Structures are given as C-alpha cells and as structure tokens.
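Novice: Read off the chains here:
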Amino acid sequence: MTTEKQEKIDEQIRPLYAELQKYGQTQDWDRALKTTRKILGISSNEKKATHCKIVCLMQLDKFDEALNTIVKNAIDTADLFFERAYCEYRLNRIEDAYNTLKSIDRELNEREQELLAQVLFKLEKYNECVGYYRSLLKNNQDEYQSTRHANFIAALATWKLTDSSSKIQMESN
Amino acid sequence: LPPPFKPIPCKPILFDLALNHLIFPSLDDKVQSKRQATTSTDKGQQQQAGLTG
Chain U
-8 MTTEKQEKID EQIRPLYAEL QKYGQTQDWD RALKTTRKIL GISSNEKKAT
42 HCKIVCLMQL DKFDEALNTI VKNAIDTADL FFERAYCEYR LNRIEDAYNT
92 LKSIDRELNE REQELLAQVL FKLEKYNECV GYYRSLLKNN QDEYQSTRHA
142 NFIAALATWK LTDSSSKIQM ESN
Chain B
817 LPPPFKPIPC KPILFDLALN HLIFPSLDDK VQSKRQATTS TDKGQQQQAG
867 LTG
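Chains as they are written, first to last, in the numbering used here: chain U, -8 to 164; chain B, 817 to 869.
Careful: at least some of the hints might be erroneous.
As the list claims (entries may be wrong) - Straight-line C-alpha distance at most 27 angstroms; calculated DSSO-like pairs for lysine-lysine:
#, chain 1, residue 1, chain 2, residue 2
1, B, LYS827, U, LYS113
2, U, LYS29, U, LYS63
3, U, LYS129, B, LYS822
4, U, LYS13, U, LYS25
5, B, LYS822, U, LYS151
To be verified - Quick look at which bits of chain U chain B covers, simulated, 3 or more residues with Cβ under 8 angstroms:
#, stretch
6, -2 to 10
7, 40 to 48
8, 73 to 79
9, 84 to 90
10, 147 to 153
Unchecked claim - Have a look at the derived ranges for each label pair, beta carbon to beta carbon:
#, chain 1, residue 1, chain 2, residue 2, range
11, U, LYS93, B, PHE831, 21 to 27 angstroms
12, U, LYS116, B, ILE824, 20 to 26 angstroms
13, B, ASP844, U, ASP55, 27 to 33 angstroms
14, B, ASP844, U, GLU119, 33 to 39 angstroms
15, B, LEU835, U, GLU119, 18 to 24 angstroms
16, U, LYS63, B, SER842, 19 to 25 angstroms
Hints are computed from structural coordinates only; laboratory data are not their basis. Keep in mind that this is a model prediction, so the values were computed, not measured. From the three backbone atoms N, C-alpha and C, an ideal C-beta is built for every residue, glycine too.
Sequences and hints are given; from them, build the entire structure.
Specialist: Here it is as structure tokens:
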C-alpha cells in the first residue's frame, strides 16, 4: 500500500479512534464495539482497534467471541496474554488460562499476577495462590486492597482446610 | 430416621479482581495525527518568532 493511501485511511479513522477513546472512558461498551467494527471495516489490520474490540466483547460478557477474535488474529493479538487468559478463565478452561499465563517469558505484571492468583485458587494450588496474594498485598495501594485481603484469607482458609497437617503461616506479611 | 444435621465447612468465596484491570490500551497516538503534532510545534515556533521578531 502506498503511503498516500495509508495517510488517507489514517485521516478517515482518526475521528473514529477519538470516539472510541471517549466511549472507553465512559465505559459505553456497546457503542465502543460498534466503533471498533467501523474502524476494522475501513482497515482490517488495525491492531489497537482489534485490541479494543476484544476488551469490549469481554466487558459485554461475550468471552467466547472475544477468544475467537484473539485466535483469528493470532499475530496482532500475540501479546494480549491477560485478555486471552481471562477469557479462558471465564470459559472455565482453567488449565488453558494457567498455560497462557505461564507462557509469558518475562516477569508478570500486576494484573497478570492477580489473574494467576485466581487461576491457582480454581486449580486448588493454594500454596502458590497464597504466595501471590502475599506479594500482591505488599506491593499494592489501590482501592481493592480489602477485597484482595478477603481473597488472601479465602485461599489461606481453604488451604488449611484441605491440608490440615501443613504448617501454614497465617500472617499476610 | 435421617441422621442429625451437622455443620460442614464451605469453600470460601473468591472475588474477581482481575476484571477491574480490563481496560483499553492508550489511544493517544491514534487520536493525535503526526501532522497535527507537527503543526502544533510549527505554531509554537511561529509564535516564538512573533514574540522575538
């Protein structure tokens, strides 16, 4: 494609991206999804629009469709580990979610760790799960700390319940 | 006769915190055009020139 043609396309989709940004801020996922479809209708290889489309579908509880979109656009979505793993998690494909997160060959960021902790709970790997919550609690200051603490206690209690012989440190730090 | 009821522990609820992290990527680069970026710096230069000249 010539650069002139590309510039023309960029000019066309720029207002659509502005619209998309606005809907993202107001969490209007239905309208945002329509906008991503408009952008992808003009240019199918828009990586960011594809990413936004997947987020919209997930926010609208369409995890099946979101995961299909990820699989169909394998190259553009290769780095969307969190989105892929979360779809798998919600579709009850917990082993897949675990493998997706384990395939990340760098240190996990905060949201990936948060999801991994939830995945480990479902997999009944409470020991590891508690470890992640300990570190998440230590390194976080956000508004969800009390809920995170509840999750930590849930993991700890279930661990204690299933493995009463092990010596478990009960403190969060 | 059924045996008497007895309490058993239930599996605690785990809250989904990961969903809170599901947001759009930054679209700033897509919203602002390269041309807009350059014209705004041009304007800045013009204004500067106007001030000094």
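Novice: If a hint holds in the structure, say so; if it does not, say that too.
Specialist: Evaluated hints:
1. About 11 angstroms separates the Cα atoms of LYS827/B and LYS113/U, which keeps this hinted pair within 27 angstroms; it holds.
2. Using a Cα cut-off of 27 angstroms, the hinted pair LYS29/U and LYS63/U holds, with the two alpha carbons roughly 18 angstroms apart.
3. Between LYS129/U and LYS822/B the CA atoms are separated by roughly 39 angstroms; this puts the pair beyond 27 angstroms, and the hint is violated.
4. Of the pairs offered as hints, the one joining LYS13/U and LYS25/U holds, with about 13 angstroms between alpha carbons and a cut-off of 27 angstroms not exceeded.
5. Note on LYS822/B and LYS151/U: the hinted pairing holds, with a Cα-Cα distance of about 20 angstroms set against a maximum of 27 angstroms.
6. Requiring three or more residues with a Cβ within less than 8 angstroms of a Cβ of chain B, the coverage given for the stretch -2 to 10 of chain U holds, as 6 such residues are present.
7. A stretch counts as covered by a chain when three or more of its residues have a beta carbon under 8 angstroms from one of that chain; for the stretch 40 to 48 of chain U and chain B the count is 3, and the coverage holds.
8. Remark: the stretch 73 to 79 of chain U is confirmed as covered by chain B, as 3 of its residues place a Cβ nearer than 8 angstroms to a Cβ of that chain, reaching the required three.
9. Here's how the stretch 84 to 90 of chain U fares: 0 of its residues keep a CB closer than 8 angstroms to some CB of chain B, so the rule of at least three is not met and the hint is violated.
10. Counting residues of the stretch 147 to 153 of chain U whose CB lies closer than 8 angstroms to any CB of chain B gives 3, so the stated coverage by that chain holds, three being the minimum.
11. Hint check: LYS93/U to PHE831/B, Cβ distance near 23 angstroms, so the stated range 21 to 27 angstroms holds.
12. For the pair LYS116/U and ILE824/B, the supplied restraint of 20 to 26 angstroms holds, since their beta-carbon distance comes to about 23 angstroms.
13. About 31 angstroms separates the C-beta atoms of ASP844/B and ASP55/U, a value consistent with the hinted range of 27 to 33 angstroms.
14. At about 37 angstroms, the beta-carbon gap between ASP844/B and GLU119/U stays in the expected band of 33 to 39 angstroms.
15. The supplied range of 18 to 24 angstroms is met by LEU835/B and GLU119/U, whose beta-carbon atoms lie about 21 angstroms from each other.
16. Between LYS63/U and SER842/B the beta carbons are some 24 angstroms apart, a value that agrees with the proposed interval 19 to 25 angstroms.
Of the hints listed earlier, those the structure fails to meet are numbers 3, 9, in rising order.
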